[in-house]
Amino acid sequence: MARKNWHIKVEGDTLTLARRLPARFDFAATAVISGGAALRRGRMARQVRQDMWRALQTLRGFAPAVSVRVVGDDLEVIAGGGVAGAFPKAHCEAIVADVLSDPVRRARWIAHATREEADHA
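Residue numbers 1037 to 1157, in this note's numbering, belong to the letters of the sequence shown in order.
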């Protein structure tokens, strides 16, 4: 399924948002959103992807990918992507880890992904 050239793949409790299929993670960082199992995974993935793209938009050949998985009561977010060509892997992983650990961004993602009461009907 594509949404404006973005592919969304759902397998069980995992939603993956990627520019290209199959999603490739040449580099990645992981974060856990405690108590986030009830959040909307698609909205969370889009928000993470947008912030990651802003941080890495000068990386040539970068195709972002975000995987969001429910693990018990938590939400595990894996963000990274594929890169065509040579790139500074450790530097890119550090940038994505900083994006994922930023408390202001996390609060915005959670607010955006919180289910409204109408969604439960």
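By construction, these hints were calculated from the structure, which means they are not laboratory data. The beta carbon of each residue, even a glycine, is placed where N, CA and C say it ideally should be. Keep in mind that a hint or two might mislead.
[To be verified] With a Cα cut of at most 20 angstroms, we get these calculated SDA-like pairs of lysine to any residue: (1) K1125 <-> A1064; (2) K1040 <-> R1090; (3) K1045 <-> S1070; (4) K1040 <-> G1118; (5) K1045 <-> G1078; (6) K1125 <-> A1074; (7) K1045 <-> S1137; (8) K1040 <-> Q1093; (9) K1045 <-> R1085; (10) K1045 <-> A1091; (11) K1125 <-> G1078; (12) K1125 <-> F1061; (13) K1125 <-> K1045; (14) K1125 <-> V1106.
[Claimed, not checked] Ranges of calculated distance between the beta carbons of each label pair, as one might list FRET restraints: (15) R1151 <-> K1045: 27 to 33 angstroms; (16) P1058 <-> G1121: 26 to 32 angstroms; (17) H1148 <-> N1041: 34 to 40 angstroms; (18) D1049 <-> A1126: 28 to 34 angstroms; (19) V1140 <-> P1058: 19 to 25 angstroms; (20) R1096 <-> A1147: 31 to 37 angstroms; (21) K1045 <-> R1144: 33 to 39 angstroms; (22) A1120 <-> E1152: 36 to 42 angstroms; (23) E1047 <-> W1089: 32 to 38 angstroms; (24) T1150 <-> P1124: 19 to 25 angstroms; (25) R1096 <-> L1057: 16 to 22 angstroms; (26) T1094 <-> K1040: 31 to 37 angstroms.
Status of the hints after comparison with the structure:
1. Of the pairs offered as hints, the one joining K1125 and A1064 holds, with about 9 angstroms between alpha carbons and a cut-off of 20 angstroms not exceeded.
2. Between K1040 and R1090 the alpha-carbon distance is near 18 angstroms, which keeps this suggested pair within the 20 angstroms criterion.
3. Annotation: proposed proximity of K1045 to S1070 is violated, straight-line Cα distance about 23 angstroms (limit 20 angstroms).
4. Of the pairs offered as hints, the one joining K1040 and G1118 holds, with about 19 angstroms between alpha carbons and a cut-off of 20 angstroms not exceeded.
5. Distance restraint check for K1045 and G1078: the Cα-Cα separation of roughly 10 angstroms lies within the 20 angstroms cut-off, and the hinted pair is therefore satisfied.
6. For the hint pairing K1125 with A1074, the CA-to-CA distance comes to about 32 angstroms; that exceeds 20 angstroms, so the pair is violated.
7. Restraint check: the Cα-Cα separation between K1045 and S1137 comes to about 25 angstroms, which exceeds 20 angstroms; the hinted pair is violated.
8. Pair hint K1040 plus Q1093 holds up; C-alpha atoms about 18 angstroms apart against a cutoff of 20 angstroms.
9. For the proposed pair K1045 and R1085, the alpha carbon gap of about 15 angstroms is at most 20 angstroms, so the pair holds.
10. For the given pair, K1045 sits about 24 angstroms from A1091 by alpha-carbon distance, which is inconsistent with the 20 angstroms threshold.
11. Under the criterion of a C-alpha separation no larger than 20 angstroms, the hint pairing K1125 with G1078 is inconsistent with the structure, at around 26 angstroms.
12. The hinted pair formed by K1125 and F1061 meets the criterion: a straight-line CA distance of about 11 angstroms does not exceed 20 angstroms.
13. As the CA atoms of K1125 and K1045 are separated by approximately 25 angstroms, the hinted pair breaks the 20 angstroms bound.
14. As the CA atoms of K1125 and V1106 are separated by approximately 27 angstroms, the hinted pair breaks the 20 angstroms bound.
15. Range check, R1151 to K1045: about 21 angstroms between beta-carbon atoms, so the 27 to 33 angstroms window is missed.
16. A hinted range of 26 to 32 angstroms is violated for the C-beta pair P1058 and G1121, which are about 19 angstroms apart.
17. Separated by about 21 angstroms at the C-beta atoms, H1148 and N1041 break the suggested range of 34 to 40 angstroms.
18. Distance hint check: the CB atoms of D1049 and A1126 are about 30 angstroms apart, consistent with the given range 28 to 34 angstroms.
19. Between V1140 and P1058, the C-beta spacing of about 32 angstroms breaks the proposed range 19 to 25 angstroms.
20. For the pair R1096 and A1147, the beta carbons lie near 33 angstroms from each other, so the given range of 31 to 37 angstroms is met.
21. A beta carbon spacing of about 24 angstroms between K1045 and R1144 contradicts the range 33 to 39 angstroms that was offered as a hint.
22. The supplied range of 36 to 42 angstroms is met by A1120 and E1152, whose beta-carbon atoms lie about 39 angstroms from each other.
23. In this structure, E1047 and W1089 break the distance hint of 32 to 38 angstroms, their C-beta atoms being roughly 23 angstroms apart.
24. Remark: the range hint 19 to 25 angstroms for T1150 to P1124 is contradicted by a beta-carbon distance near 35 angstroms.
25. Evaluation of the 16 to 22 angstroms hint for R1096 and L1057 yields a pass: the beta carbon distance comes to about 21 angstroms.
26. A C-beta distance of roughly 22 angstroms is found between T1094 and K1040, which places it outside the suggested range of 31 to 37 angstroms.
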